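K.L.:
These are the residues of each chain, in order.
Protein chains: 2
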Amino acid sequence: MEEEDMINFTFRNPTKIIFGKDTEYLVGKETKAYSSRILLHYGGGSIKRNGLYDRVRKSLDEAGIEVHELSGVLPNPRLTLVQEGIRICREKGINFILAVGGGSVIDSAKAIAVGVPYKGNVWDFYSGKAVPGEALPVGVVLTIPAAGSESSNSSVITNEDGWYKRGLTDDSIYPAFAIMNPEVTFTLPDYQTACGASDIMAHIMERYFTNTRDVELIDRLCEATLKTMILNVPRALKNPTDYAARAEIMWAGTVAHNNLLSTGRIGDWASHGIEHELSAIYDIAHGAGLSIVFPAWMKYVYKHDISRFAQYAHRVWNVDYNVFNPEETALKGIEALEAFYTSIGLPIRLSQANIDEEHLEEMADKCTGSGSYTVGNFVKLTRDDVLNIYKLAL
Amino acid sequence: MEEEDMINFTFRNPTKIIFGKDTEYLVGKETKAYSSRILLHYGGGSIKRNGLYDRVRKSLDEAGIEVHELSGVLPNPRLTLVQEGIRICREKGINFILAVGGGSVIDSAKAIAVGVPYKGNVWDFYSGKAVPGEALPVGVVLTIPAAGSESSNSSVITNEDGWYKRGLTDDSIYPAFAIMNPEVTFTLPDYQTACGASDIMAHIMERYFTNTRDVELIDRLCEATLKTMILNVPRALKNPTDYAARAEIMWAGTVAHNNLLSTGRIGDWASHGIEHELSAIYDIAHGAGLSIVFPAWMKYVYKHDISRFAQYAHRVWNVDYNVFNPEETALKGIEALEAFYTSIGLPIRLSQANIDEEHLEEMADKCTGSGSYTVGNFVKLTRDDVLNIYKLAL
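Chains A and B, in that order, are what the protein sequence lines are.
Just so we're aligned: 87 in numbering that gives the first Met the number 0 is position 88 of the first sequence, and the numbers increase by one with no gaps anywhere.
Just so we're aligned: 101 in numbering that gives the first Met the number 0 is position 102 of the second sequence, and the numbers increase by one with no gaps anywhere.
Keep in mind the hints are simulated off the structure, nothing from the lab.
It is possible that part of the hints are untrue.
Since the list can't tell identical chains apart, any single copy or any two copies may satisfy a pair.
To be verified - Pairs of lysine to aspartate or glutamate residues, derived as EDC-like cross-links and limited to a Cα-Cα distance of at most 20 Å, are as follows:
| hint | residue 1 | residue 2 |
| --- | --- | --- |
| 1 | K302 | D53 |
| 2 | K47 | D4 |
| 3 | K47 | E182 |
| 4 | K15 | E133 |
| 5 | K15 | D169 |
| 6 | K15 | D170 |
| 7 | K226 | E356 |
| 8 | K226 | E334 |
All values derive from a computational prediction rather than experimental measurement.
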């Protein structure tokens, strides 16, 4: 077996996607197949303002489902709310969680779902002390294309006791179904649309930059999904009610993170780790942090595989391939990514987010366990590498 | 709602893909999760000659599984063998079918799987008299990348009583798992590799040529998968033990037909119908029939949407886009497809398969119920249209 070969993989994504106009009216029927007594989990007022809450409740009521509610999910969803959800489910004999919202609401619902049948503290799964054996089924009505949690097997929760933000990846938490109506995203603020797009593109690029050779099909599927984003995000920003553009973005957001694009290869994921420390200290959206970190990461590592970066520039950004100077081609791809982020209103430098040098050393420490481990797979970055990337992003 | 919008869709593909080197040794463990008494279903000698049969049996034996065998599946799998399989399963109390082979073996296994729990004649499902409520689980060890049946919800069976060839599409027949080791395909004869490639490419092109507007993500995923095939099939023919090329083809063959590429759009499928009559009368491989029919179909219908054909030529075949003459661009794409088929040893004219005008009228009749219905969605073809396409292919 040669090292370059595509890596053996297992792929199974069981989430049923129900996509299109008015699909939220199907939530009662889909839910009823699992349960007649559910926890309806959501964030705050936006789904009440735009009418989605009423439509979902109507559909659930018509299906004769007993609904218990737990709202108040915040960005970076909290452990205490998860524990409250677990308590309610046990008390009321609830065996299904319906998440109506974006990634935070879905991640919180998944945490409740693994916590209910577990005798210990659900945080055990996030701290790596235990592995889930089972989970309640989770249904989703998606409102923000971004995190890809609607058909992923992962969940990220923040423990307020020490402000640890930790992730769980387990096949038991793939949602049972995800209802996706692009019309629901018409009312997203521009900045949130752009941040979601940045998150989606980052999910693809984290997978794209790999040392695995001979993974051509997935390279090309990644490029196809990125190009779709690059064309449709500006359309959606120009005309927020452009159904076609919203639909392309929403479906691309799922394809980006449902693990098809991970098959046969090892992704990088350093930029997510580096961004993570940024949004842990500063009040910056994940997508905006990624639009700052990703170009800096690229500038720092592109020499590791100029061919791959030149391919990215040429195929994704239509940069002319300069066969006499592939490095020039590669660099133009990074410039094109920066120009795109700027065009959709995202920052590409820490200074644009009013972040200065003050905490860079601290973040580099946290990101690498004070230098005790590296981050990323494409290039294994040390603490000093991470610091240099933060500095490049200033 | 505008007609052009992406169409609402439901997508769920539950098949677990286990992909890579030596994965056939996992078949015992995967099967054991479902049953300890199975029907092992396969074709003829090829899996015995190349050692796959022995490896599969060893893995099943080690897992302590009681194996009953039914071999002898032919291309265009027959109803009588299906009925024999149903009888064996009932008699022995078997509740799991393991298919080791290509599309014919898998389709036959699916037919047995829906037939066992059904009181009537399994043909009822294929003739449209009944709809399956349930099916036994089916596992697959794939040997030929072509039909995509390893993760599809369809099965085609031939009833020898009248030689009717009919298809069933039902979500109950998605295989439970599919084990895919590209090394197993090293020993495929060149012609079979090429015919499989033609089948895979046809599955993508049938979906690509649509009247649904604003389906950009899936357009691009189709183009990416086609380009992967175009690059890797010649590599595999040049060096049959090129693992990377074989792996790209095998994974592309699944992606082509697992219904992801159908989401949000209506495919055409006329060429499959037109080819079907060809291989029903003449002894010609499905893939070779498709390489004859598809270019003729394209020449006949391209004016219906020159833009789409020009996009296909430009993006899939790297034809320079002539903005002053998109029709020229479109036609060059069709020429490129013909040149590709020729380069991999496939016929592109009926004459190359020694087929003359004799049965053209008869096939056009059969294909359209003597003109009582049309075939295809991109352009709805009448009996005379189909006849003209056969003539174009002479």
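K.L.:
Now look at each hint and say whether the structure bears it out.
P.N.:
Hints versus structure:
| no. | hint | in the structure |
| --- | --- | --- |
| 1 | K302 to D53 | neither (53 Å within a copy, 47 Å between copies) |
| 2 | K47 to D4 | neither (51 Å within a copy, 27 Å between copies) |
| 3 | K47 to E182 | within (15 Å within a copy, 55 Å between copies) |
| 4 | K15 to E133 | both (19 Å within a copy, 18 Å between copies) |
| 5 | K15 to D169 | both (17 Å within a copy, 15 Å between copies) |
| 6 | K15 to D170 | both (14 Å within a copy, 12 Å between copies) |
| 7 | K226 to E356 | neither (34 Å within a copy, 46 Å between copies) |
| 8 | K226 to E334 | within (16 Å within a copy, 27 Å between copies) |
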